[in-house]
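Colleague: Letter by letter, the chains look like this.
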Amino acid sequence: MSTPTEIREKPSFLSTGILILGALYCLFPVIWVVAAASKSSDELFSTFTFAPSVHLWNNIVELTAYRDGVFWRWMLNTALYAGVGALLSTWVSALSGYVLAKYDFPGKNGVFKVLLMGVLVPGVILAIPQYLMLAQLGLTNTYWSVLLPQIISPYGIYLARIYAAASVPGDVIEAARTEGAKDMYIFNRIALPMMLPGLVTIFLFQFVAIWNNFMLPYIMLGDDTLFPLTVGLNGLLNQGATAPALYTLVLAGALLSIVPLVIMFLFLQRYWRVDLAAGAVKA
Amino acid sequence: MAATATAPTKAEKTASAGPGTPRKARNFRQRAMTPYAMLTPGIVLFLVFMAAPIAYTLVLSFQQKKVSGLGLGKGAQSTVFAGFDNYIRSLTDPEFTASVLRVLTYGAILIPLMLGFALLFALLLDSRRTRAGNFSRTAIFLPYAVPAVISSLLWGFLYLPGVSPFHFVADRLGIALPSLLNPDLITFAIANIALWGGVGFNMIVMYTSLKAVPQEIYEAAKLDGASEIQTALRIKIPIIAPSVVMTALFSMIATLQVFAEPTTLRPLANSLSTSWSPLMLVYRDAFTRNDIYSAAATSIIIALATFAISFLFLRIVQKRAFGQEN
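First to last, the protein sequences are chains L and P.
For what it's worth, this note's numbering labels the leading residue of the first sequence as 1, then goes sequentially.
For what it's worth, this note's numbering labels the leading residue of the second sequence as 1001, then goes sequentially.
None of these hints come from the bench; they were simulated from the model.
Incorrect hints may have been included.
Stated by the list, open to error - Quick partial rundown of chain P residues pointing at chain L, CB under 8 angstroms, derived from the structure:
(1) Thr1034
(2) Met1038
(3) Leu1039
(4) Tyr1056
(5) Ser1127
(6) Thr1138
(7) Ala1139
(8) Trp1155
(9) Gly1162
(10) Pro1165
(11) Gln1257
(12) Ala1260
(13) Thr1264
(14) Ala1295
Ideal Cβ placement from N, Cα and C applies to all residues, glycine included.
Using the sequences and the hints given, assemble the complete structure.
Modeller: Here's what the structure looks like:
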């Protein structure tokens, strides 16, 4: 392996090839679902699995007709839970992280330690007691029951503290204070914009976490017009066990639901630069 | 929240009426309270949606339902203190031990493969001799955008012998492949779904820390005649070791909580029981059997196991992360 320095930079087929194989493995189910969603239900189990067909539009129409378009309702619900939830979560995390980084006050380390312990409290373990508590308030089976528990994100606060420490200079805060600016004004108008690149990362993290969370809405919701996509498609798949014609609808639904997220990912890729261990984020 | 932090207090009104020392005192007191006021949304949400549910689960885990008479009518059922009964029952329940064993096997398959491939891909991406890096990086990271329910659904169909391209090819060649959905192989089937979803994220984490290493180190190694593989093994891997440790911890935690994948696969695979993973068991006890007390005890056991791992995490993070603030 001791190649001379001059030719070291020449392309390596082996390393490029391994990466391309990895990429193909990751694209494999995605390419498959594009083909599968275009098949009629007879074709799904009879034609070659990657052979596309012409029924995609038809499947989408049937999916839209299913229970008066409840699928599109799931799509909107997911956007609401993940979008609004992640936005609120990012703001709360930014505020808490900023205070923990930039203020000195008694109990600061205690607060931070307790919050940090929450980082790895498995959210799914909380789901059942959260359900029981919200049931006593009559809040289960509402939008609130899925939205509210996911606003608090100890990991988001932890990241925000790092961003605030790194990107908001103490002099700027002091200067604003000398000119009589209130603390919340300084945070919203001065600190928040400075932390913005890092906050996009927190937003994305939380967005994916909420959109990925299956157990919480699965437990909280009974009314299928409130379902996010994950719970809705899971239910549709369950019904497919007795009515295989629904399988093509499930697959069309799966395809339609990954399209927007994939697009969002491609556009925001550069914000996924998280160094978990060093805690430093190069945004 | 802005209202709480900036609302004129009684002290402020007196202060604006008469200048001098009271204003200073007011400023000082208000300044001292400000951080707490600003932390209120975070702390309240934390208490209501994290601390209170944990406390509630603890209380439930030490209780059980006592039925008097036929258990009919008002007052026939009451809640009594149960001591460690629920815990003993959970820990000695063969279904629970079986689910823990399954998940440990699942983790033993998944974590080394996922982190091994993530590390390999990250190092290859970082190598200057690799081409098509942007394409591969994006493609490998893409599954992270696909929620576990949908990835399980896609792979679940791909495992069905009637759909699977591997079975199609094997059939043509006259080979009989076993179905991945049969009881012996289902653990591998689920591990593959999690591998698919997780390898890209872990790769990005490791790749990011590789990028943070100053290039001069590599130049120096190159001048000393180190080969690329030597550089990777002796310099790059030790430098990003903390990242690898972190991803390992996060993966272990996620493994203990596996729920969405097996739950989604169940309609396609008869061999998956309702107690396949510990969390599925908790869900079944709480909602199908209405035995919330056992479910609470089992939750606490899983949480404690998670905390044992988290503790390690805290020690690593606190030492490394917050040196730069002051």
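Colleague: With reference to the structure, classify each hint as holding or not holding.
Modeller: Checked hints:
Interface hint status for Thr1034 of chain P: upheld, as the beta-carbon distance to the closest one in chain L is roughly 5 angstroms, under 8 angstroms. Given the 8 angstroms rule on beta carbons, the hint for Met1038 of chain P holds: about 5 angstroms separates it from the nearest Cβ of chain L. This hint holds: Leu1039 of chain P has a C-beta 5 angstroms from the nearest C-beta of chain L, less than the 8 angstroms allowed. For the restraint placing Tyr1056 of chain P at the interface with chain L, the shortest Cβ-Cβ distance is roughly 4 angstroms, inside the 8 angstroms limit, so the hint holds.
Nearest Cβ of chain L to the Cβ of Ser1127 of chain P: about 6 angstroms, under the 8 angstroms cut. The hint holds. Evaluation of the Thr1138 of chain P hint against chain L yields a held restraint, the C-beta minimum of about 7 angstroms falling below 8 angstroms. Satisfaction of the interface hint for Ala1139 of chain P is found here, the shortest Cβ-Cβ separation to chain L being roughly 4 angstroms, below the 8 angstroms cut-off. Interface hint status for Trp1155 of chain P: upheld, as the beta-carbon distance to the closest one in chain L is roughly 6 angstroms, under 8 angstroms.
With its C-beta approaching chain L no nearer than about 4 angstroms, Gly1162 of chain P sits inside the 8 angstroms limit, and its interface hint holds. Checking Pro1165 of chain P against chain L: minimum C-beta separation of about 5 angstroms stays under 8 angstroms; hint holds. Taking 8 angstroms as the C-beta contact cut-off toward chain L, the hint placing Gln1257 of chain P at the interface holds, the least distance being around 5 angstroms. At its closest, the beta carbon of Ala1260 of chain P sits 4 angstroms from a beta carbon of chain L; the interface hint therefore holds under the 8 angstroms criterion.
Given the 8 angstroms rule on beta carbons, the hint for Thr1264 of chain P holds: about 6 angstroms separates it from the nearest Cβ of chain L. Taking 8 angstroms as the C-beta contact cut-off toward chain L, the hint placing Ala1295 of chain P at the interface holds, the least distance being around 6 angstroms.
Violated hints are absent here; each numbered hint is respected by the structure.
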